[in-house]
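So the sequences go chain by chain: A and B.
Mapping of the first sequence onto my numbering: position 62 corresponds to residue 62, and the numbering continues sequentially without gaps.
Mapping of the second sequence onto my numbering: position 193 corresponds to residue 193, and the numbering continues sequentially without gaps.
These are computed hints drawn from the structure, not numbers from a lab.
Think of the CB as a built atom: it goes at the ideal place given N, C-alpha and C, for glycine as much as any other residue.
Careful: at least some of the hints might be erroneous.
[Unchecked claim] According to the in silico footprint, chain B covers these stretches of chain A (three or more CB under 8 Å from chain B):
{"hint": "1", "stretch": "117-127"}
{"hint": "2", "stretch": "209-220"}
[To be verified] From chain A, some residues computed to sit far from chain B (all C-beta separations above 10 Å):
{"hint": "3", "residue": "Tyr89"}
{"hint": "4", "residue": "Ser176"}
{"hint": "5", "residue": "Glu179"}
{"hint": "6", "residue": "Leu184"}
Here is what each chain is made of, one letter per residue.
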Amino acid sequence: MSTILLIEQVLNGLQFGVMLFLMAAGLTLIFGVMGLINLAHGSLYMIGAFAAAAVAGATGSFLLAIIASLAAAAAAGALVELVVIRRLYDRDHLDQVLATFALILIFSEGTRWVFGSFPLFLDIPAALSGPVMLPGGIQYPAYRLLIIAIGLLIAFGLFQLIAKTRIGIQIRAGESDREMIAALGVDISKLYTIVFALGAGLAGLAGALVGAIQSVQVGMGEPVLILAFVVIVIGGIGSIKGALVGALLVGLTDTLGGVLLPGFFATFMEPSAATAVGSSLASMSIYILMAGVLLFRPTGLYGTA
Amino acid sequence: MKLRSLVLAAGLAALASTGLADGHGGKVKVGMITTLSGGGAGLGIDVRDGFMLAAKMAGNDNLEVVIEDDQRKPEIAVQLADKMIQSEKVDVMTGIIWSNLAMAVVPAATAQGKFYLSPNAGPSALAGKGCHPLYFNVAWQNDNLHEAAGAYAKEAGYQNSFILAPNYPAGQDALTGYKRMYDGALAGEIYTKLGQTDYAAEIAQIRASGADSVFFFLPGGMGISFLKQYAGSGVDLPVVGPAFSFDQGILQAVGDAALGVKNTSQWNKDLDNAANKAFVEAFQAEYGRLPSLYASQGFDTANLLLSAMAKADVSDTDAFRAALAEAEFDSVRGDFKFGSNQHPVQNFYVREVIKEGDVFTNKIISASLTDHADAYASECTY
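Here chain A stands alone, though its shape is the one from the complex:
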């Protein structure tokens, strides 16, 4: 394996990681602040992608499509919070899982009803298609570099928001003691709606960014949702920093595991068996990582008990 290939794969892992971060950030905030398990987070990801595809199809502008994905997912998130989620805060986690699972079904069939069963078209703008030459002779798709940049920018913005702003202070206070900040006069239900819409918007943005290089279809959110849960378990529930570190760890493990493990087994096994064993083990690698982290840090890397 050449150094160039390895660097390219590390970039791929980073890009996958920052996308997971956009999903996991919302999920971990919602879970940390409100104590709510939101299985429908993957549906918000799908809504973002569909909104982007619809707007891009109508206007031809990728920038408008991205804005539409943020707006549509945030609006859907706020609506869902007001109509359904609000009634679930005091309930058992199992009730929340049931209700948000029902939301997945409603969103999936609703989307099929509006857009049909066939995948939609959403492509990256012409200016960003094709590769760029990085120092050291590495060819890398421009659009993926942009995704990495956007993801890191949003991570930075979120840290600033949580650390420096008034709303960030309220969010942190809400995580540690809900009753107390309500008693101090903070409008807790408004805060919940804002946090939920923020998380939903980030998921929608991730859906649109990824939808442009993958396929925009019903059910696209669920596989990502499972990985996002893995990320927040590894990172520690409620921690944005944990979500970022966890997402990058999962992204790198998944990508490099898939590339390096078959090669590793090929050094002492015959090629077809090595491919089979290597790819099976690679699919397990992130769960092995999760089990390993939990073994040594039961609350996750940055979690508090």
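Please build the complex by placing chain B on the supplied structure of chain A, with the hints as guidance.
Same frame as chain A, now just chain B:
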């Protein structure tokens, strides 16, 4: 405890959905179990629409069809099959898209004396030792389209192919099928995860491998993702694949990235025969979209059944089976006949993705395999 509930919740993330059914009195009752909801719904909808179009065009009141949605889940398909056989008392079953669902339903249905006409799935297990007198495959054996791709690669003079497919039985059949006909070297052979949507790592390996061509079998959404990312990567090796990643339902979602790609199929809308012209025209008039190969397979399945109904009564199993085996109907593929294991012996073509106006579609550019039978027929004895 927060964490425990969370892990539990993550395990629950999956999809489910509705079914639909209709029915009226008649002499042959067909139970169609196909995928009408979830990620693979486009394929089932096309098979159903093709089948129902043929039924409508024939106007035969003796044909009754019951349709159910399997949601692409084997356990649901098995339940539906039990219901259709025991309470609906169907005579003939059809509709299943996915090989793993076919393996769960077909052996049980044929063992209970029901005919099964497969409009899509053709697992090797049902073509060879596991063949059954009541099982007919109207589409192809799973390996066939990949064999056609391998034959094309050989003819095009490719010497060093990079091949990839998802890590599940049909994916392994695909690479086996390609290698059966292709005789160059392999620059790399990768099994990806089923349902994987990001192929950046694989594309980087293709770039570094020094291959002269790429063969891939990635049906549905996986193929859309791969082609879009491949087009953006700057790797410009020729790509060849089976028709599944280039059918009418998904080409519009792939867009320009698919233009010019060679793919292999047993059918295309420009095949020059009267039955096909009538089918393409009627399908567009009825549903307002171009038919896919899945729709053509559904259409042929219904016409095969109708041809047998005209000759024999379904209650006379031997006569009805003989009538099916004769396959005397106007297939949209042109000539159509069954081999000794009741799988098609047919021609395969190389198609190229083109743009007609605003619509992406396929055009036949050459023949790949003629009168091709599958590799398992000799293992089948009734």
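Going through the hints against the structure:
Counting residues of the stretch 117-127 of chain A whose CB lies closer than 8 Å to any CB of chain B gives 7, which reaches the minimum of 3, so the coverage claim holds. Only residues whose C-beta sits within less than 8 Å of a C-beta in chain B count toward coverage, and the stretch 209-220 of chain A has 10 of them, enough to reach three; the restraint holds. Under the 10 Å C-beta cut-off, the non-interface status given to A/Tyr89 relative to chain B holds; the minimum distance is some 14 Å. At roughly 14 Å, the least C-beta separation between A/Ser176 and chain B is larger than 10 Å, which holds for a residue marked as non-interface.
With a minimum CB-CB distance of about 18 Å to chain B, A/Glu179 clears the 10 Å threshold, and the non-interface call stands. Taking the minimum C-beta to C-beta distance to chain B, about 24 Å, the non-interface status of A/Leu184 holds against the 10 Å cut.
No hint from the list above goes unmet by this structure.
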